[in-house]
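J.: Residue numbers (the numbering used here), protein chains in the order written: chain B, 10 to 318; chain R, -6 to 437.
Since the hints were made in silico from the structure, they are not lab data.
Here a beta-carbon is modelled for each residue, glycine too, at the ideal position from N, C-alpha and C.
Be a bit skeptical, because a hint or two may be false.
[As the list claims (entries may be wrong)] In silico BS3-like links for lysine-lysine, alpha-carbon gap of 30 angstroms or less:
(1) R:Lys387 with R:Lys437
(2) R:Lys423 with B:Lys80
(3) B:Lys259 with R:Lys174
(4) B:Lys80 with R:Lys437
(5) B:Lys93 with R:Lys279
(6) R:Lys259 with R:Lys247
(7) B:Lys259 with R:Lys186
(8) R:Lys387 with B:Lys93
(9) B:Lys259 with R:Lys423
(10) R:Lys85 with R:Lys97
(11) R:Lys50 with R:Lys424
(12) R:Lys259 with R:Lys237
(13) R:Lys237 with R:Lys276
(14) R:Lys349 with B:Lys259
(15) R:Lys50 with B:Lys259
(16) R:Lys259 with R:Lys424
(17) B:Lys93 with R:Lys340
(18) B:Lys259 with R:Lys332
(19) R:Lys437 with R:Lys423
(20) B:Lys189 with R:Lys80
(21) R:Lys237 with R:Lys377
(22) B:Lys259 with R:Lys276
(23) B:Lys259 with R:Lys264
(24) R:Lys377 with R:Lys186
(25) R:Lys237 with B:Lys80
(26) R:Lys97 with B:Lys259
(27) R:Lys174 with R:Lys423
(28) R:Lys186 with B:Lys80
[Said to hold, decoys possible] Not close to chain B: a few residues of chain R, all C-beta gaps over 12 angstroms, as computed:
(29) Asp92
(30) Ala103
(31) Asn125
(32) Pro129
(33) Trp134
(34) Gly301
(35) Lys354
[Said to hold, decoys possible] Reference listing, derived: stretches of chain B covered by chain R, where coverage requires no fewer than 3 residues with Cβ under 8 angstroms from a Cβ of chain R:
(36) 59 to 68
(37) 152 to 163
(38) 173 to 186
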Amino acid sequence: MEREERNMKSKIKLFTYFNKPDKAAYIFLLPSFLTFTVFIFMPLLASLLISMFDINIFLENISFSGLENFKRLIFDQRFWNAFKNTLYFTALEVPIQIIFSLLLAAYVQKNTVFRRFLRSCFFIPVVCSMTAVGIVWSILMDPTLGTVPYMLRFLGLSDIGFLKDPLLAMPTVVLITVWKNFGLTMIILVAGIQSIPDTYYEAAEIDGSNKWNQFINITIPLIIPTLSFCTITNIINSLQVFDQTYVMTKGGPVFKTETLVQYIYTRGFAVAPYDLGYASAVAEVLFLMIAVIVVLIYQFFVRKETVDV
Amino acid sequence: MRKWLLKMMCVVLILTVLSMILTSCGKQEKEGVSSKSEGSDVGETKGTESSGGSSGKITLTFWNGFTGSDGEVLRDIVNRFNENNGKNIEIKMDIMPWDTYFQKLPPAIATNTAPSFVLMGAEYIPEYVSNNSIQPLDDFWSTTGLNESNFVKNVLDMYKYQGKYYMTPMQYNLMYLYWNKDLFKDAGLDPEKPPETWEQLGEYAVKLTDPSKQQYGFGATKDDALAPLIWGNGGEFWDADNQKSLLDSPQNIKTYEWLQDLVVNKKVSPKGATGADLDNLLKSGKLAMYISGPWQVNGLRTEGINFGITAPPKGTVTQASPIGGCGFAIPRGTSDELKTAVYEFAKYWLSTEILKEWTMKNGFPPFSEEVINDPDILNDEIQKSIAPLGTLGKSYNLGIVVGSQLHNDVIEPMMDTILMGMGDPANEVKKASEMIDQIFQNSK
């Protein structure tokens, strides 16, 4: 009897403890915290551990190798090539996508029927899977069977290899990626632009400012937080680029589109000796690289915001 | 009234959904083995539940990468085995693309969730053996009572490693030269006379190339299909026994220079084309000459291409073609009982009836005495051309632990660079040769 009472009391205690708003938050956070731990935090730690072992996918003959994998990385030309390609992709993709999306967002932000229709149209590629998009585009761009080179031949431009050409392969992948993703960036920017009060524009108009000046001096400064969000997520996505190169080029021609994630995949899962340890070491480097770049960019935007205010 | 109607509609909707769920469950039940064995992917012996059968039902799981038209023939053969084996063995086959297959298989073996048996290229034996991942199958011949000497020795040797069998034979092939007879005729060449030497192939390729029609004379790939060119001119890739590179030799450099000139300057092959691109060009009648395996035969017949098939051309020194093949392998986690059941199927496969069917339908050369001497095979157009070529077979990367790594990490990238005209052959060969030595060194 007494025991039951005590049980009841502790239950009530527990309820009252979590009934306070600041404590209840933990309960609401729990599901996402658990998924975060299981699917992100633990794999992150695991890959750090794995990177210090000589281990292959068969999980046979495992031995501790310390920093050997990282040392090997320094002299691995293919790693540096992938590193360079990843930076090249990011440096090309992010600015093109942000500028293109920003200009379009400025155009479609008004709520007329036609512009709303355009917004929906531009969003369609975002909904499609990258694999499907990649396959369709690589067929369209195929130098022997594709529609695009066929059309270009009428314009007197023959022999453009696109994805098969060492120089053009990466820019082609970048353009297809922009085509696939600009819709999302544009919608986020549209939301940012629409939240700017009309009064600013009215005041500017009274002062005789033209559309372009309004865009540069009102729109852009006021959507810096939105822009910084878009830029940072875009940079992270670009540094992790994989699907498109995997589907369209497999890293070719001659490794010209082999990115870091593609290289991790190749080393760890695609070809013998399925070197998981080494692949994890490359993954750690990529993780560090993303962390550093994102922190730098974030600080740049924070400074920009405070200066503008 | 309207509320009543709404309620009725909801009830009907729920009933429909429920009935759909129930019927789909029912179907799974009917399909036989409980979903448990599917989930675990490990073949398991079922208890004696079937009436009449003296022993229980044995379910084998089987993975392979035969996604092409040959997969259909394979499925048909497996189905017939399931119906007629008389030992209550059921094979559940899972066909997936090879790259998916090679990603799934190693972790499946490591975590004991591998299928009962698999199909795989013989070149993978050393790698899987060195990782203790497949079982030796030395007792195959004694268990099944099959006569080993009934099969071509060269072919059987492919499935051995360090003196032991690790696979049972399934199919073997060399690489052959395909030529499009119609394109030969249009270019003013004799459609019945394929090039006999590489020199001749070069000349023909130039004549057969027509950029205005998107037509190419020869398909140059980065895979082992061009090994006959290196061997033919007296070159070698590596010395597998002594684990060292033989790539950096004057004759190889000369050979690659000739190839680069043909592809880059004379443009006889589409720039940067992958194997799949070239397969498509061949099937659409836009590629005049191509070196590939017998798996093209079925597709070319379906597309109605007027083609011939023969040995790869002679070089200045000799004539050779890479030999390869698939075999049945058993992952380390498969129990002895299931292994015996797999042997039953492997034995069924080696019966004259099945081997002949496989040869006739897919164009693979026969390797059992009875099939080789079968009148139908002797009269088959394709087999007449390729059956005498067996002596040309030469190992490219069989029996080397790092065989697939050498090919993927060194030879393919080197060929890519040379064929794209992005590097001087002498330089590329030197670089590749150093890498080969390095890989051998690391594997010791």
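J.: Against each hint, give a clear statement of whether it holds in the structure.
T.: Evaluation of the provided hints:
As the CA atoms of Lys387 of chain R and Lys437 of chain R are separated by approximately 25 angstroms, the hinted pair is consistent with the 30 angstroms bound. Of the pairs offered as hints, the one joining Lys423 of chain R and Lys80 of chain B holds, with about 24 angstroms between alpha carbons and a cut-off of 30 angstroms not exceeded. For the hint pairing Lys259 of chain B with Lys174 of chain R, the CA-to-CA distance comes to about 34 angstroms; that exceeds 30 angstroms, so the pair is violated. Taking the CA atoms of Lys80 of chain B and Lys437 of chain R, the gap is about 20 angstroms. The hint holds against a cut of 30 angstroms.
Distance check on the hinted pair: Lys93 of chain B and Lys279 of chain R sit about 37 angstroms apart at the alpha-carbon level, beyond 30 angstroms; violated. In summary, the hint linking Lys259 of chain R to Lys247 of chain R is supported, as the alpha carbons are separated by about 17 angstroms, within the 30 angstroms threshold. For the suggested pair Lys259 of chain B and Lys186 of chain R, the alpha carbons sit about 38 angstroms apart, so the restraint of at most 30 angstroms is broken. Among the hinted pairs, Lys387 of chain R with Lys93 of chain B is inconsistent with the structure: their alpha-carbon atoms are about 40 angstroms apart, more than 30 angstroms.
Simply put, Lys259 of chain B and Lys423 of chain R have alpha-carbon atoms about 25 angstroms apart, close enough for the 30 angstroms limit, and the pair holds. About 17 angstroms separates the Cα atoms of Lys85 of chain R and Lys97 of chain R, which keeps this hinted pair within 30 angstroms; it holds. Distance hint between Lys50 of chain R and Lys424 of chain R is unfulfilled; the C-alpha atoms sit about 56 angstroms from each other, more than 30 angstroms. For the proposed pair Lys259 of chain R and Lys237 of chain R, the alpha carbon gap of about 34 angstroms is over 30 angstroms, so the pair is violated.
Straight-line distance between C-alpha atoms of Lys237 of chain R and Lys276 of chain R comes to about 39 angstroms, which puts the hinted pair past the 30 angstroms bound. A hinted pair counts as satisfied when its Cα atoms are at most 30 angstroms apart, and Lys349 of chain R with Lys259 of chain B does not qualify at roughly 38 angstroms. For the suggested pair Lys50 of chain R and Lys259 of chain B, the alpha carbons sit about 44 angstroms apart, so the restraint of at most 30 angstroms is broken. Of the supplied pair hints, the one linking Lys259 of chain R and Lys424 of chain R holds, its CA atoms being roughly 26 angstroms apart against a limit of 30 angstroms.
Restraint check for Lys93 of chain B and Lys340 of chain R: the C-alpha separation of about 53 angstroms exceeds 30 angstroms, so the hint is violated. For a cut-off of 30 angstroms, the pair hint linking Lys259 of chain B to Lys332 of chain R is broken: about 37 angstroms separates their Cα positions. For the hint pairing Lys437 of chain R with Lys423 of chain R, the CA-to-CA distance comes to about 22 angstroms; that is within 30 angstroms, so the pair holds. The suggested pairing of Lys189 of chain B with Lys80 of chain R is violated, with an alpha-carbon distance near 55 angstroms, which exceeds 30 angstroms.
A hinted pair counts as satisfied when its Cα atoms are at most 30 angstroms apart, and Lys237 of chain R with Lys377 of chain R does not qualify at roughly 38 angstroms. In summary, the hint linking Lys259 of chain B to Lys276 of chain R is supported, as the alpha carbons are separated by about 23 angstroms, within the 30 angstroms threshold. Using a Cα cut-off of 30 angstroms, the hinted pair Lys259 of chain B and Lys264 of chain R holds, with the two alpha carbons roughly 16 angstroms apart. In summary, the hint linking Lys377 of chain R to Lys186 of chain R is supported, as the alpha carbons are separated by about 16 angstroms, within the 30 angstroms threshold.
Taken as a hint, the Lys237 of chain R and Lys80 of chain B pair is honoured in the structure, with Cα atoms around 25 angstroms apart against an allowance of 30 angstroms. Using a Cα cut-off of 30 angstroms, the hinted pair Lys97 of chain R and Lys259 of chain B holds, with the two alpha carbons roughly 19 angstroms apart. For the given pair, Lys174 of chain R sits about 39 angstroms from Lys423 of chain R by alpha-carbon distance, which is inconsistent with the 30 angstroms threshold. This hinted pair does not check out: Lys186 of chain R and Lys80 of chain B have alpha carbons roughly 56 angstroms apart, beyond 30 angstroms.
With a closest Cβ-Cβ approach of about 7 angstroms to chain B, Asp92 of chain R is found to fall inside the 12 angstroms limit, against its non-interface label. Not every CB of chain B is more than 12 angstroms from the CB of Ala103 of chain R (nearest about 4 angstroms), against its label as outside the interface. Consistency note on Asn125 of chain R: stated as away from chain B, yet its beta-carbon is not over 12 angstroms from all of that chain's, at 5 angstroms minimum. Separation of Pro129 of chain R from chain B is adequate, the least Cβ-Cβ distance of about 16 angstroms exceeding the 12 angstroms criterion.
Consistency note on Trp134 of chain R: stated as away from chain B, and its beta-carbon is indeed over 12 angstroms from all of that chain's, at 28 angstroms minimum. Even its closest Cβ contact with chain B, about 23 angstroms, leaves Gly301 of chain R beyond 12 angstroms, as expected for a residue assigned away from the interface. The beta carbon of Lys354 of chain R sits about 28 angstroms from the closest Cβ of chain B, which is more than 12 angstroms, so the claim that it is off the interface holds. As drawn, the region 59 to 68 of chain B meets chain R at 4 residues by the rule of a beta-carbon pair under 8 angstroms; at three or more, the given contact holds.
By the rule of at least three residues with a Cβ nearer than 8 angstroms to a Cβ of chain R, the coverage given for the region 152 to 163 of chain B holds, with 3 such residues. With a threshold of 8 angstroms between beta carbons, the proposed coverage of the region 173 to 186 of chain B by chain R holds, since 3 of its residues qualify and at least three are required.
In summary, the structure is inconsistent with hints 3, 5, 7, 8, 11, 12, 13, 14, 15, 17, 18, 20, 21, 27, 28, 29, 30, 31 from the numbered list given earlier, while agreeing with the others.
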